[in-house]
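Peer 1: My request is simple: use the sequences and hints to build the entire structure.
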Amino acid sequence: QQPVQSPQAVILREGEDAVINCSSSKALYSVHWYRQKHGEAPVFLMILLKGGEQKGHDKISASFNEKKQQSSLYLTASQLSYSGTYFCGTEISPGSARQLTFGSGTQLTVLP
Amino acid sequence: EAGVAQSPRYKIIEKRQSVAFWCNPISGHATLYWYQQILGQGPKLLIQFQNNGVVDDSQLPKDRFSAERLKGVDSTLKIQPAKLEDSAVYLCASSLMLMETQYFGPGTRLLVL
Numbered sequence: 001q002q003p004v005q006s007p008q009a010v011i012l013r014e015g016e017d018a019v020i021n022c023s024s025s026k027a028l029y030s031v032h033w034y035r036q037k038h039g040e041a042p043v044f045l046m047i048l049l050k051g052g053e054q055k056g057h058d059k060i061s062a063s064f065n066e067k068k069q070q071s072s073l074y075l076t077a078s079q080l081s082y083s084g085t086y087f088c089g090t091e092i093s094p095g096s097a098r099q100l101t102f103g104s105g106t107q108l109t110v111l112p
Numbered sequence: 001e002a003g004v005a006q007s008p009r010y011k012i013i014e015k016r017q018s019v020a021f022w023c024n025p026i027s028g029h030a031t032l033y034w035y036q037q038i039l040g041q042g043p044k045l046l047i048q049f050q051n052n053g054v055v056d057d058s059q060l061p062k063d064r065f066s067a068e069r070l071k072g073v074d075s076t077l078k079i080q081p082a083k084l085e086d087s088a089v090y091l092c093a094s095s096l097m098l099m100e101t102q103y104f105g106p107g108t109r110l111l112v113l
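From first to last, the protein sequence lines stand for chains A and B.
Count the first sequence with this note's numbering and you get residues 1 to 112, in order.
Count the second sequence with this note's numbering and you get residues 1 to 113, in order.
Treat the hints as calculated values from the structure; they're not laboratory data.
Any given hint could turn out to be false.
[What the hints assert, rightly or not] Have a look at the derived ranges for each label pair, beta carbon to beta carbon:
id : chain 1 : residue 1 : chain 2 : residue 2 : range
1  : A       : 38        : B       : 81        : 27 to 35 Å
2  : B       : 80        : A       : 4         : 28 to 36 Å
3  : B       : 53        : A       : 111       : 35 to 43 Å
4  : A       : 38        : B       : 76        : 22 to 30 Å
5  : B       : 113       : A       : 14        : 38 to 46 Å
6  : B       : 54        : A       : 25        : 40 to 48 Å
7  : B       : 63        : A       : 25        : 26 to 34 Å
8  : A       : 111       : B       : 71        : 43 to 51 Å
9  : A       : 15        : B       : 80        : 48 to 56 Å
10 : B       : 16        : A       : 13        : 30 to 38 Å
Backbone N, C-alpha and C fix where the C-beta goes; we use that ideal spot for every residue, glycine too.
Peer 2: In structure tokens form, the structure reads like this:
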């Protein structure tokens, strides 16, 4: 039950905004967002728990819509450092088999 | 605070050979995860430990892969024998508790020829 991310890739100029979506076919308990730069390890951005809350730090925020079984990551006023591949990891159930399933990623390129 | 350490960073082997990867998590982290990341894809969970017990290994190909976490700290992941499709980056991650923020190591890049 791998989540589906869209778009697969996006190119923008410094200062522009971007939205990355993560959709699941199953009810979600939590969504975790990570960014991975080429040749490096994924780095944690934020966790959203069931409850529809929105989180954010700096100019990166995210929302979690339980009803739609999806989460969106918002990057405003993009900086060059935002370039990388963004992954969402979803947790389907808080039961015994708790694990994250990652999507295929969204490649974000920010140009000067 | 030291991050998650992994070794080796790179490994090239021939198919049917064996290989082992080592991971040292962040001190005090109870949960340790091994992921396989094939080029162009997201990380895929292989196994997760809580202290020295296995929490989930449902996606670990147990006919060739094995993992252990002795004394609830370091962990090793072994592949025996390796296949061409095992070529990937093997990432180790740790978190304070299950499903909290995961901190990833630099990974081991494996190429099977």
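Peer 1: All hints are to be evaluated individually against the structure, with a verdict given for each.
Peer 2: Checked hints:
| no. | hint | in the structure |
| --- | --- | --- |
| 1 | A/38 x B/81: 27 to 35 Å | 31 Å, holds |
| 2 | B/80 x A/4: 28 to 36 Å | 35 Å, holds |
| 3 | B/53 x A/111: 35 to 43 Å | 48 Å, violated |
| 4 | A/38 x B/76: 22 to 30 Å | 27 Å, holds |
| 5 | B/113 x A/14: 38 to 46 Å | 42 Å, holds |
| 6 | B/54 x A/25: 40 to 48 Å | 27 Å, violated |
| 7 | B/63 x A/25: 26 to 34 Å | 29 Å, holds |
| 8 | A/111 x B/71: 43 to 51 Å | 49 Å, holds |
| 9 | A/15 x B/80: 48 to 56 Å | 51 Å, holds |
| 10 | B/16 x A/13: 30 to 38 Å | 50 Å, violated |
In this structure, the earlier hints numbered 3, 6, 10 are contradicted, and the remaining ones agree with it.
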